[in-house]
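Protein sequences appear in the order of chains A, B and C. Under the numbering used here, the first sequence is numbered contiguously, ending at residue 1180. Under the numbering used here, the second sequence is numbered contiguously, ending at residue 632. Under the numbering used here, the third sequence is numbered contiguously, ending at residue 439.
The hints are simulated quantities; they were obtained by calculation from the structure and are not laboratory data. Check before you lean on any hint, since a few could be wrong.
Under the rule of at most 16 Å between Cα atoms (straight-line distance), these lysine to aspartate or glutamate pairs were calculated in the EDC-like manner [stated by the list, open to error]:
hint : chain 1 : residue 1 : chain 2 : residue 2
1    : C       : LYS229    : B       : GLU472
2    : C       : LYS100    : A       : GLU868
3    : B       : LYS627    : B       : ASP511
4    : A       : LYS972    : B       : ASP600
5    : C       : LYS121    : A       : GLU1171
6    : C       : LYS277    : B       : ASP626
7    : A       : LYS951    : B       : GLU630
8    : C       : LYS99     : A       : GLU868
9    : B       : LYS392    : C       : ASP312
10   : C       : LYS97     : A       : GLU868
11   : C       : LYS228    : B       : ASP324
12   : A       : LYS951    : B       : ASP626
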Amino acid sequence: MLYRESGQFKTSYSADQAIFPIRQDNWAMVVFLLVAFIAVPYFGTEYFFQAIMIPVLIFALAATGLNILTGYCGQLSLGTGGFMAVGAVACYKLTTGFPEMNFVLVLLLSGIITAGVGLLFGIPSLRIKGFYLAVATLAAQFFLSWLFNKVAWFQNYTPSGTITMPPREVFGIAVTGANADAMDRYLFCLVFVLILAMAAKNLVRGPIGRSWMAIRDMDIAAELIGFRPFQTKLMAFSVSSFYVGVAGAMALSLWLGSVETAEAFDINVSFQVLFMIIIGGLGSMMGSFVGAAFIILMPIVLTNVMVGSLGMQAVTAKHFEFMFFGGLIIFFLIVEPHGIARLWQIAKEKLRIWPFPH
Amino acid sequence: MEFLNLVLVAPIVDMIEYPSFFIEVVFGGLMSGVMYSLVALGFVLIFKASGVFNFSQGVFALFAALTLVGLMTGTVPFTLNKSLPELPAWVAIILTFIVMIGLAIAVERIVLRPLVNQDHIIMFMSTIGLAFVLEGLGDTIWGSEVKALDVGIPTGNFLIGEIQIQIFDLWAAGIAAFLVVVLAVFFQYTRTGRALRAVADDHQAALSVGIPLKNIWIIVWSVAGLVALVAGIMWGSKSGVQFSLSLIALKALPVLILGGFTSVPGAIVGGLIIGVGEKVAEVYWGPLVDGAIENWFAYVLALVFLLFRPQGLFGDKIIERV
Amino acid sequence: MNIKRLGIGVLTGLGLTTMVATEIAIAADQIFVPGLVYRTGPYAPNGIPFANGMQDYLTLINERDGGINGVKIVHEECETGYNTKVGVECYEKLKSKKPVTVIPNSTGITYQLIPKSYKDNIPLLTMGYGRTSAAVGSVFPWVFNFPATYWSQATAVISYIAGKEGGLASLKGKKIVHIYHNSAYGKEANPTLKVMAEKFGFNLTLLAVDHPGQEQKATWLQIRRKKPDWIFMSGWGVMNQVAVKEAAAQGFPMDKFIGNWWSGSENDVIPAGSKADGYIAATFHTPGGGTKLHADIKKYVYDKGLGGGDLSRTGEVLYIRGMLNHVFVVEAVRNAQKHFNVKVPNGAQMQWGYENTNVTSADWERIGLPGYPPIKVSCNDHEGGHPVLFQQWNASAKTWKVVSDWVPVMKDLVRPLMEADAAKFAKENNITPKSCS
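If we strip away everything but chain A, and leave its shape as in the complex, we get (with noise of 0.2 Å):
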């Protein structure tokens, strides 16, 4: 009854083609708005900055990476650290070797740098399909890591191999290094994962969405009636990593500030990711932020719950964490195979009738 959408004409082409064409979105996107811009820098704590707003931020956009290629376009890729650690290293070698340049360029400039390298790996994609795509992401993964540790130019020749950023600023707000304030970082964060989202949203929305759409549906339909795949896929893997290598740089340069690249964007990050994605829902870029913002909060909030609450010692309740998580998964995987997305979906069905059942 809330939510009907009687009543609201669209008088042009623009309106109609909307992101949010229901009002009522539109409201609820606007007071999301204000509680991310102005309620959060109010009402949070340094820790709440630190640990849950910006990792979110930063792995809703990996996510939204990893959804273009997988959810979007049907290749499933294990790669996605991998990939992260090439943002990370290209920022840090960029922002060293040119100190001058904007920091926003910067972060651009790294995704481009890991739009090529993701290229370059999703060739085998022509002839690899499936789980063996998959598992063959895998030796991105791997080389990738061992590359970045083993050559040490990459790491500008520290004996310790991690590479820490250097202060940066924007409009003159310190943004990196150990000074930047955790709101301004926050803030920063916040205002570039929109405008990266936007984009995408549309991306995935106009014809070059459709064509990996197409491919993921019925790859061999589609080159029947005039679709590339291999360019479609190509294109897929290139935009995907530039999302993804954006996250990793931000992720070095304004959340963990120094980084041991082998550790840091490990296998366990691409299995984060994809878990990310799954849950929140293949497919849909709603399901990459809500999907962040679940596996990222639930291990803290399980601890908090744990420790805090309950009074259980840490080390039990990391095992029961391990336990909870696990077995939160399948239940959801039970429950909603297609994710929070779908979820929410159905919950938007049921309320443009309500209070009525049907």
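Given the coordinates of chain A, assemble chains B and C onto it according to the supplied hints.
This is chains B and C only, laid out in the frame that chain A set:
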């Protein structure tokens, strides 16, 4: 020129000049390949019969090894005291196998049945969830300390000419061969084996002929549990039983790609190829780039094979219909 | 289904509320010492005795002495699983409770916390791990890595080998292999080893073992071919156990196989059984549980049922190391309390306490670990340059036995390398070195 010489010529010359060492490297590669195959076998069994890529196979091996050590040292579950009687190895192995059967039944009931007919990727994700659960469970029941595992497999080495052969490796090869023969006989000549192959071919057709899917799945996962137990014993004897044991699954994945997900001989042959390829590359080409290339080399090798045969060496040919 | 969903909703709600309201106050006259421990994860076998040692020493101080000069210590563990990101999250969570110091317990976490230390002003004690060049106190005022670092340890190992071979001159032409964990930690010793190889003329081979090191056949094939005189290992976790087993299976003489101080605990040698007999490891504390400190631990902690682990494991290498870690923390707190006449030192005061750590032989007697060499830390030297001890494993008795004197480290070789690295860090991150008068 110098670079080309270094990469293409020098290692080959090295191999030819010291043939006994080369043979030793190849033999070592074959032996470690056998160890990989042990793990890959479990994956293949489950994929063949239930179409599920069981990512938690490595954790199965860890859980089996933990249970075995716990039983052998007389540890009371959920505590750390060793007050129960210590069991001899063969009794403990049989008991552990029974535990693995129980695990298979639980998995079938809780994970497989509700998710029947779902997408492959959903099943894959659920096995990852299962891996987490088993890991936490194993740690809670048996503790996270490293435990020595010794079921009596002899160690030590002997020399044939200049080549050093390790006795443990020979035993591993022997056990793997025995396992493969038993499995092959099981699949070919017993009724259950035929039923398993029918289910692997087509679930619905098997159901319509009257094959009880549920029981078949329990049998398959139990056999995979046994394979995991053997793999856990072999790897656990080498390194002690601890969390890292579950990471052997990652070593087995290139074997699977190369051999094909659905082929038991493929797992063995793939394992041997990967093992030899890895070791030869690491010993002869590794020093040129400071070493530690094994991990990704295995995957790249498998990838190269895949480009020529997308279904793996022995896998089922993928037929796509519009 | 509905009940399940309700359950999840309640759980999430509970969790969110606990997250927002996390500021549990520590009483103003209590010293808060958090511990970032790893009792789970791939390195749990090593993390558990270490965490128990840390916990038990603080319990001892509270029970036996009633706190440090009467001020009770509050110890809280945060489980990191040796994961850097979780470790940083733990740090951020515990920061608000005003800890006097933070023990990162992982090289990866240390690297993350070093940049934060300049802003948060919480001193870090990274005993025997972390960033070696943090010994240069002028560039890293908030990070302390006494009693010794990886680079110094490498020089002590070479000195020990030289001692066995008959002097530094006899090292010429000898073949030494360094097998190392392919991570930042494992690579630490390499530059120093290369410098020494040039200086003393021995033949150095570096072999990397990829994480986790469960499969090392290729590495040991290469070792068999090289037939080195000595092997030095910088391993961690399962890599150690597999390496010891491979060496034994190959028949390499165990008394020529030296592990660094993170490759020298009971966990690393027990799986190999009797074959590991004779393996040597470096350490910076004596092994075994017969000291006066251990007697106190039994009396005041375990007899009262307050112990973290098992009494029988209090003689283990990593347990003693955990205790030693907090011995240094407590001594630094004492320093700060005395100098500034406060009950609970703040960050800057604790930093002074660390900087003026001066543990004499008399202090070691008081602590209950007689026979340890004195440690003196200064503003510019956060390492102290403590000598290194070597212990050998006796597989039948399942104990470690000290087989050397305290081997001094080659300070004049290591210090210039540290200063160069610290200067580079300062330049890259626009840090003006603090002046140490």
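With the threshold set at 16 Å, check whether the alpha-carbon distance from B:LYS627 to B:ASP511 stays at or below it.
12 Å, holds
Are the Cα positions of A:LYS951 and B:GLU630 separated by 16 Å at most?
11 Å, holds
Holds or violated: A:LYS972 to B:ASP600, with C-alpha atoms at most 16 Å apart
7 Å, holds
Hey, C:LYS228 versus B:ASP324, does the alpha-carbon distance stay inside 16 Å?
OK: C:LYS228 and B:ASP324 at ~14 Å, within 16 Å.
For the pair we were handed, C:LYS277 and B:ASP626, check the Cα-Cα distance against 16 Å.
46 Å, violated
Restraint status (C-alpha distance of C:LYS229 to B:GLU472 at most 16 Å)
13 Å, holds
With the threshold set at 16 Å, check whether the alpha-carbon distance from C:LYS100 to A:GLU868 stays at or below it.
Since the Cα atoms of C:LYS100 and A:GLU868 sit roughly 14 Å apart, the hinted pair holds (cutoff 16 Å).
Against the 16 Å threshold, does the CA-CA distance of B:LYS392 and C:ASP312 hold or violate the hint?
Roughly 12 Å between the alpha carbons, so the hint for B:LYS392 and C:ASP312 holds.
Given the hint that C:LYS121 pairs with A:GLU1171, does the C-alpha gap stay at or below 16 Å?
50 Å, violated
Does A:GLU868 lie within 16 Å of C:LYS97 when you go C-alpha to C-alpha?
Distance of about 10 Å is within 16 Å: holds.
Need the status of pair A:LYS951, B:ASP626: alpha-carbon distance at most 16 Å?
14 Å, holds
Assess, step by step, whether the Cα of C:LYS99 is no farther than 16 Å from the Cα of A:GLU868, and give holds or violated.
13 Å, holds
The structure is inconsistent with the numbered hints 5 and 6, although it conforms to all the rest.
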